[in-house]
Amino acid sequence: MLEMVLTTGVVHLTIGNLIMWLIAFLFIYLAITKNYEPLLLVPIGFGILVVNLPLTFLMQEGEGLLWKFYHYGLEWEVIPPLIFLGLGALTDFGPMIANPKTLILGAGAQFGVYVAFFGALILGFKIPEACSIGIIGGADGPTTIYTTVHLAPHLLGATAIAAYSYMSLVPIIQPPIMRLLTTEKERKIRMRQLRPVSKKEKILFPLVTVMVICLIVPASAPLMAMFMLGNLFKECGVVKRLSDTAANELMNIVTILLGISVGATMSAEHFLKPQVIFIFIMGLVAFAFSTAAGILLAKFMNLFFKEKINPLIGSAGVSAVPMAARVSQIMGAKYDPKNFLLMHAMGPNVAGVIGTVVAAGVFLALGR
Amino acid sequence: MSDVTAPMAGKVIDVKVNVGDTVNEDDDLIILEAMKMEMPIVAPTSGTVKEIKCKKGDSVGADDVLVVIE
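Chains as they are written, first to last, in the numbering used here: chain A, 1 to 368; chain B, 1001 to 1070.
Calculated directly from the structure, the hints in this document are not laboratory data. Here a beta-carbon is modelled for each residue, glycine too, at the ideal position from N, C-alpha and C. Take these hints with a grain of salt, some might be off.
As the list claims (entries may be wrong) - One-sided excerpt, in silico: chain B residues whose CB lies under 8 Å from chain A: (1) P1007; (2) M1035; (3) M1037; (4) M1039; (5) P1044.
Said to hold, decoys possible - Stretch-level coverage of chain A by chain B, calculated; a stretch enters the list once three of its residues show a Cβ under 8 Å from a Cβ in chain B: (6) 325 to 331; (7) 341 to 351.
What the hints assert, rightly or not - Over the 10 Å line for every Cβ pair with chain B, so calculated as not near, a few chain A residues: (8) T7; (9) F118; (10) L204.
Modelling step: build the complete structure from the supplied sequences, incorporating the hints.
What follows is the structure, given as structure tokens:
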């Protein structure tokens, strides 16, 4: 009888497991009732729950089901690049091509990534760990996961959750910083309508970009190559089936595997550590500095350019697409309802994705 | 006479006025959706709606005339 009781999970439960259950329920609750990133939080929350049921051995190396998803999906670098394929097929680089100055804003908004990197080093994290924590500031989930799996896989749950949490908190974190750093006059700057971008330019863009960036930062190649391939699918116009599959069905499939794999790394013994709190703090620092850097850079550029940039689009350089661009639009319209910043903000926003991938490439080269 | 144009490509999800309506500056005329975001297109001046060149559900391009106000 006693032996039978010992084979059940109940007697092996720890306080840590129970805390993780609460976190799992919180994620699922937030997804269902508040609609916070439901496509990710539902599978992540469920992954957390089942991996904290004792004796299920779902993450047992070589045997557990979720370990296989994690190992072959994330450790083998399959899932994040496939997500980038889908993102490429969903991204319109037109606003950036029409106004290439916004590329500078997308690059500038990576400043927080480096601030958090040095911050994490000061807090005592090792270089590969600091790289994984810094990249949270790019506000790009798949890039954060890709970098962390390579450099500090034991931090995966924390960095992934921090990245996705801050992405969904963009509309709360950014506006106070935007108000603080801009004057009312600047918030009302209207920008000239973007010029139309030709099909030829849109087709050439992914080809030129993948060559230039992979030649300069070769370690960014897996993400950048798939990102630009997806975009070429979209823009070339002759492979609509592939473009649709990459952007929809394939994206959904890998999102399921990504979510449950990330959740599965969050067992109590891996996740409930004091360093997780530091990761969340440094992630927020990174995010705030990235937002501020984008705005200040736009103001700086206005000193030199005749055609002024509304600094509210600078904050869209963090790569949370399209949330950050929407925040720019909402803030701008609040001060002038006839001002439409959305498409202008999409320029730095998509440039920010490229910027974060480049930053990840630099970190991967540095941290290895 | 003033043309109210679409500031960006998007989908018309609501038309808030009818031909002949009197509108004040900054009144909502059209609700446009782009990037899964709803944006009101407001009247640039006060006047009367002379013509509505789009309807609910239309996809419009940047600079397309949506409403004419007199």
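For each hint, the structure was consulted:
1. Look at P1007 of chain B: its Cβ gets to within about 4 Å of chain A, closer than 8 Å, so that hint holds up.
2. A distance limit of 8 Å between C-beta atoms decides the matter here; for M1035 of chain B the minimum to chain A is near 5 Å, and the interface restraint holds.
3. At a threshold of 8 Å, the smallest CB-CB gap from M1037 of chain B to chain A is about 5 Å, leaving the interface hint in force.
4. Here the hint on M1039 of chain B is kept, as its CB sits about 7 Å from the closest CB of chain A, short of 8 Å.
5. Satisfaction of the interface hint for P1044 of chain B is found here, the shortest Cβ-Cβ separation to chain A being roughly 7 Å, below the 8 Å cut-off.
6. Judged by the Cβ-Cβ criterion of 8 Å, the segment 325 to 331 of chain A is covered by chain B as claimed, because 3 of its residues qualify and three suffice.
7. Coverage of the segment 341 to 351 of chain A by chain B holds. Counting CB-CB distances below 8 Å, 3 residues qualify, and the rule asks for three or more.
8. The Cβ of T7 of chain A lies farther than 10 Å from every Cβ of chain B, with a closest approach of about 50 Å, so its non-interface assignment holds.
9. The Cβ of F118 of chain A lies farther than 10 Å from every Cβ of chain B, with a closest approach of about 34 Å, so its non-interface assignment holds.
10. Against chain B, the non-interface label of L204 of chain A holds: every CB pair exceeds 10 Å, the least being about 21 Å.
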